[in-house]
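*Asks:* Sequence:
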Amino acid sequence: MIVPQQNLTQALAEQLGGTVDNLVPIQRGAAHRMFTARWQQPDQPPDSAAMPIVIRFFHGPRAIEDADAEAAALRELGRTGYPVPELFLLNDDDSIDGAPLIVMQELPGQTLTQAALANPERIPQWLDRASDLLLRLHGVNWQNGYAALKPVLPPLDFAERQVRWWARQASTVAAGDLDEGFGWLRAHLYRTRSATNQALLHRDFHPDNILVIGDRISGVVDWGELTIGDPALDVGWSRLVLTTEANADLGDRFAEAYMRRNPSVGATLPFWEVFGAVKRLTTIAMIKANKSERLAMWADAPDLVRQVGREDAVRSFLTARIAVDDADK
Numbered sequence: 001m002i003v004p005q006q007n008l009t010q011a012l013a014e015q016l017g018g019t020v021d022n023l024v025p026i027q028r029g030a031a032h033r034m035f036t037a038r039w040q041q042p043d044q045p046p047d048s049a050a051m052p053i054v055i056r057f058f059h060g061p062r063a064i065e066d067a068d069a070e071a072a073a074l075r076e077l078g079r080t081g082y083p084v085p086e087l088f089l090l091n092d093d094d095s096i097d098g099a100p101l102i103v104m105q106e107l108p109g110q111t112l113t114q115a116a117l118a119n120p121e122r123i124p125q126w127l128d129r130a131s132d133l134l135l136r137l138h139g140v141n142w143q144n145g146y147a148a149l150k151p152v153l154p155p156l157d158f159a160e161r162q163v164r165w166w167a168r169q170a171s172t173v174a175a176g177d178l179d180e181g182f183g184w185l186r187a188h189l190y191r192t193r194s195a196t197n198q199a200l201l202h203r204d205f206h207p208d209n210i211l212v213i214g215d216r217i218s219g220v221v222d223w224g225e226l227t228i229g230d231p232a233l234d235v236g237w238s239r240l241v242l243t244t245e246a247n248a249d250l251g252d253r254f255a256e257a258y259m260r261r262n263p264s265v266g267a268t269l270p271f272w273e274v275f276g277a278v279k280r281l282t283t284i285a286m287i288k289a290n291k292s293e294r295l296a297m298w299a300d301a302p303d304l305v306r307q308v309g310r311e312d313a314v315r316s317f318l319t320a321r322i323a324v325d326d327a328d329k
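According to this note's numbering, the sequence shown is numbered sequentially starting from 1.
Accuracy of the hints is not assured; some may be wrong.
Once the Cα atoms are required to be at most 25 Å apart in a straight line, the calculated SDA-like pairs of lysine to any residue come out as [to be verified]: (1) 288 with 152; (2) 150 with 198; (3) 150 with 72; (4) 288 with 260; (5) 150 with 218; (6) 150 with 196; (7) 288 with 225; (8) 288 with 176; (9) 150 with 208; (10) 288 with 198; (11) 150 with 110; (12) 288 with 34; (13) 150 with 140; (14) 150 with 82; (15) 288 with 72; (16) 288 with 257; (17) 150 with 135.
In short, the hints are calculated from the structure, not lab data.
Quantities reported herein were computed from a predicted structural model and do not represent experimental measurements.
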């Protein structure tokens, strides 16, 4: 039975035990519905502070698989001590408000973006710490776990599948102006064979998904796109976001800080930077065409309005990356 949204807190309380209240939608422009709430656990004294929680619904044709995969990822990453939200509940059917969901801890802290804006002089330190944290993720031993992310594709096959999938999305919204970008990616697929290792990838690692308290990073959120692949994909995406939403200097500093510790990603980084730009421009084209049903096919679309506003910057990044790479040959 599908539970009306107004009864969501009661349904969650029955699953979790205790009581759930203060349900508030998270207004992030994401394709998937998310809420914050407070959970009074059944063994807590009545006058103790309730646990802040996040409820995340999953939609689209792979909703159950996506919910299962993210729940498993949070469990396994949590066991390694990586700073992720604690998972409290996986409901992988549509019995609560019509869709699978997970309930997890709401991590404390402000976003790294907010912290950096408040103290710009500390930005170099934060970039260094963020690159360390990404490197730490890439060093997690996934071979003995993470069954939901397997089988692992060889680097070339993974890249080819990604390019093919995004090219199909671009064709549905007649984004013909991206033909050059997709053509470049197809012509350079062979370069992904140079990837020296496979790692856990966040695929949306940027300052808005990193939380900080004081001088420390308190957690990383939005794990819906976790997969296994070439770590250069993460570095390229982070560089793209920093370059197009802040400035090129920050993007370069982040990439340089990471590559000082793991220079091997340099071999495939140009490919994944171009891919990241084409992927974001395809997403923007889908937003403009109101293809919301396609946005629901991955676990967490970034802020939609922000993306559209950065379209020119992303196009400039794409043009520059292709030109720099061609000049380096």
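*Asks:* Would you mind marking each hint as holding or not holding in the structure?
*Replies:* Comparing the hints with the structure gives:
no.: 1; hint: 288 with 152; in the structure: violated, 34 Å
no.: 2; hint: 150 with 198; in the structure: holds, 12 Å
no.: 3; hint: 150 with 72; in the structure: holds, 12 Å
no.: 4; hint: 288 with 260; in the structure: violated, 39 Å
no.: 5; hint: 150 with 218; in the structure: violated, 29 Å
no.: 6; hint: 150 with 196; in the structure: holds, 19 Å
no.: 7; hint: 288 with 225; in the structure: holds, 23 Å
no.: 8; hint: 288 with 176; in the structure: holds, 14 Å
no.: 9; hint: 150 with 208; in the structure: violated, 28 Å
no.: 10; hint: 288 with 198; in the structure: violated, 35 Å
no.: 11; hint: 150 with 110; in the structure: violated, 33 Å
no.: 12; hint: 288 with 34; in the structure: holds, 23 Å
no.: 13; hint: 150 with 140; in the structure: holds, 15 Å
no.: 14; hint: 150 with 82; in the structure: holds, 20 Å
no.: 15; hint: 288 with 72; in the structure: violated, 34 Å
no.: 16; hint: 288 with 257; in the structure: violated, 35 Å
no.: 17; hint: 150 with 135; in the structure: holds, 21 Å
Taken one by one, the earlier hints fail for this structure at numbers 1, 4, 5, 9, 10, 11, 15 and 16, listed in ascending order.
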